[in-house]
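K.L.:
Model the full structure from these sequences, guided by the hints.
Going by our numbering, the sequence shown opens with residue 1, and the numbers climb by one from there.
The set of hints was computed from the structure by calculation and includes no laboratory data.
Any given hint could be a false lead.
Listed next, the in silico SDA-like pairs over lysine to any residue satisfying Cα-Cα at most 20 Å (straight line) [to be verified]: (1) K75 <-> N512; (2) K64 <-> S221; (3) K442 <-> F153; (4) K171 <-> A61; (5) K318 <-> T280; (6) K318 <-> T296; (7) K269 <-> I324; (8) K269 <-> N308; (9) K510 <-> L497; (10) K429 <-> Y391; (11) K442 <-> F454; (12) K139 <-> G107; (13) K408 <-> P425; (14) K436 <-> A421; (15) K186 <-> S221; (16) K121 <-> G107; (17) K269 <-> Q307; (18) K442 <-> A421; (19) K332 <-> P425; (20) K510 <-> I146; (21) K27 <-> Q37; (22) K121 <-> Q91; (23) K7 <-> E195; (24) K269 <-> K408; (25) K139 <-> T266; (26) K510 <-> N498; (27) K121 <-> K510; (28) K323 <-> D295.
Derived Cβ-Cβ restraints for the label pairs, each shown as a range [unchecked claim]: (29) D411 <-> G67: 42 to 52 Å; (30) A500 <-> N191: 56 to 66 Å; (31) E176 <-> E376: 27 to 37 Å.
Backbone N, C-alpha and C fix where the C-beta goes; we use that ideal spot for every residue, glycine too.
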Amino acid sequence: MHKQISKIVIVGGGSAGWITAGILAAKHNCKLSPSVQVSVIESADIATVGVGEGTWPSMRATLKDMGISETDFIKQCDVSFKQGSKFVNWQTGENDAYYHPFTPPVGLPEFNIAPYWLAVKDKVSFADAVCTQGILSEKYLAPKQISTPEYAFNLNYGYHLDASKFAEFLKQHCTENLGVEHIQGKVIKVNNDNEGYIHSLDLESQQAIYGDLFIDCTGFSSLLLGQHYQVPFESKKRILMNDSAVAIQVPYESDSSPIASCTISTAQKSGWTWDIGLPTRRGAGYVYSSTHCDDTEAQQTLFEYLQNTGVPANVLDKVTPRKISFTPGHRKEFWHKNAVAIGISAGFIEPLEASALVLIELSARLVSEQLPQNREHMAIVSNRFNDTFNYRWQRIVDFLKLHYVLSKRDDSEYWKAMSSADSTPDSLKELLELWKYQTPSKYDNQQAEELFPFASFQYVLYGMGYETQLSESDIKPHNVQESQRLFKENQQHLSRLNQALPSNRELLNKINQYGLSRI
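P.N.:
Structure representation (structure tokens):
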């Protein structure tokens, strides 16, 4: 029980394995310190899922903490800037659209401007009234200038990236600069000690790998938590019915075509399409419910979307979409004995708000910050870890479901089912009842580090036309003047940035030519 936890073995590479390895190795200085050793076992026979091309702004801090040059990352991983998400046809299906930007509403955290926007909601959208990012994204503008140092910004941003190139980039950095051991091999057996803890893994090469803490980054197979420990999987298909996707990569019309500043999510008859702009290509796909749509119809819907957005039919004739099937949900536990599931092995739900990579970051960071000293300590840390991530998965389910519940679409059985009260969690019903009478606020947060802050709920609620009826006492006369000042300040800020910011493509070309300055 009191043996020092010093050898960490990560099973599986890909984004999950190498992000986890990088966070752990950088935090515990594995290159120079012998107290913690991190190894990644990766099999050439097992392909990674390779999806997850969008990150949250948190990735900037993650990469910076690993000692990665943002310039090198952008050049080597086909990176562009992501400033949020644009949702098309989610409200009525009749050419409606709204933004969920990464920049919080003006005035936060000191002043909640949402109640004062309600008085002018018929004149200006919520996102445009309180934030510059939606309007600037419509113009394909970048979130910074070439003179802005690495990881600094004018507008908060994450990334769009090539997931396969990203995993290889991280592997090289972790092994060459952070002291991570890379073991090539396929795990064929998991061995327990007398107390039921994993003590070693047998590889196909007959090599045995010993460790104190094992991290499961084996994707859908969930080798350690699912197969070995038989930790139950909690399906969320009753709530979030999408269980399939077809994905494709298509070229731009020309090398000078504009690069989108956000992920474009367009609601379709039985799901939604994503559209992600990288410097060299677009990545697109259709996430759908197999109960309401077959694979042939799904491919047809995706191709129609791409043709409507400028992809010639002869280009689509040459490509075959990749099919991905999944059961939406997560493990009942994420840390069992001395095994931790991170990434898809922990759970997977449609990538509507690109939460997959941020969950990897948060999971790895919590393991790293709370790394137990021994098994006695581990029992406490694992319980807290499970509590935290059960809560976070519940919040993800509620937040994604919000997009469907607020929709006024009833043009298919899919939309009727996804927006029905029968498929809506009680926790979300309670919040929606609350927000009839007050705007989302800091009082809705139950944890200090919320996955979705209340500002995110505001952007979705009011982007989708939700009605909040405030009482007269909720509007303070002295705050009306402050709100007017903030609305004006946002417009002035928009004017300045509109003149100063380059386009995404212009900035990325300059970064590839000159690089960004180091902080």
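K.L.:
Work down the list of hints and note, for each, if the structure agrees.
P.N.:
Now the hints, each set against the structure:
1. K75 <-> N512: Satisfied, since the Cα-Cα distance of roughly 6 Å is no more than 20 Å.
2. K64 <-> S221: 31 Å, violated
3. K442 <-> F153: 25 Å, violated
4. K171 <-> A61: 18 Å, holds
5. K318 <-> T280: 18 Å, holds
6. K318 <-> T296: 16 Å, holds
7. K269 <-> I324: Satisfied, since the Cα-Cα distance of roughly 19 Å is no more than 20 Å.
8. K269 <-> N308: Roughly 16 Å separates the two Cα atoms, so the pair holds.
9. K510 <-> L497: With a Cα-Cα distance of about 18 Å, the restraint between K510 and L497 holds, given a limit of 20 Å.
10. K429 <-> Y391: 17 Å, holds
11. K442 <-> F454: Between K442 and F454 the Cα gap is close to 6 Å, so the pair holds against 20 Å.
12. K139 <-> G107: Roughly 24 Å separates the two Cα atoms, so the pair is violated.
13. K408 <-> P425: 18 Å, holds
14. K436 <-> A421: 16 Å, holds
15. K186 <-> S221: Answer holds: K186 to S221 is near 13 Å, not above 20 Å.
16. K121 <-> G107: Since the Cα atoms of K121 and G107 sit roughly 18 Å apart, the hinted pair holds (cutoff 20 Å).
17. K269 <-> Q307: 17 Å, holds
18. K442 <-> A421: 26 Å, violated
19. K332 <-> P425: OK: K332 and P425 at ~17 Å, within 20 Å.
20. K510 <-> I146: Measuring from Cα to Cα gives roughly 7 Å; hence the hint holds.
21. K27 <-> Q37: Answer holds: K27 to Q37 is near 12 Å, not above 20 Å.
22. K121 <-> Q91: The hint holds at about 16 Å.
23. K7 <-> E195: 18 Å, holds
24. K269 <-> K408: Between K269 and K408 the Cα gap is close to 13 Å, so the pair holds against 20 Å.
25. K139 <-> T266: This hinted pair holds, its Cα atoms lying about 18 Å apart.
26. K510 <-> N498: 19 Å, holds
27. K121 <-> K510: With a Cα-Cα distance of about 39 Å, the restraint between K121 and K510 is violated, given a limit of 20 Å.
28. K323 <-> D295: Holds. K323 to D295 sits at ~8 Å (cutoff 20 Å).
29. D411 <-> G67: 42 to 52 Å: 51 Å, holds
30. A500 <-> N191: 56 to 66 Å: 60 Å, holds
31. E176 <-> E376: 27 to 37 Å: Roughly 36 Å apart at Cβ, these two residues keep to the hinted range, so it holds.
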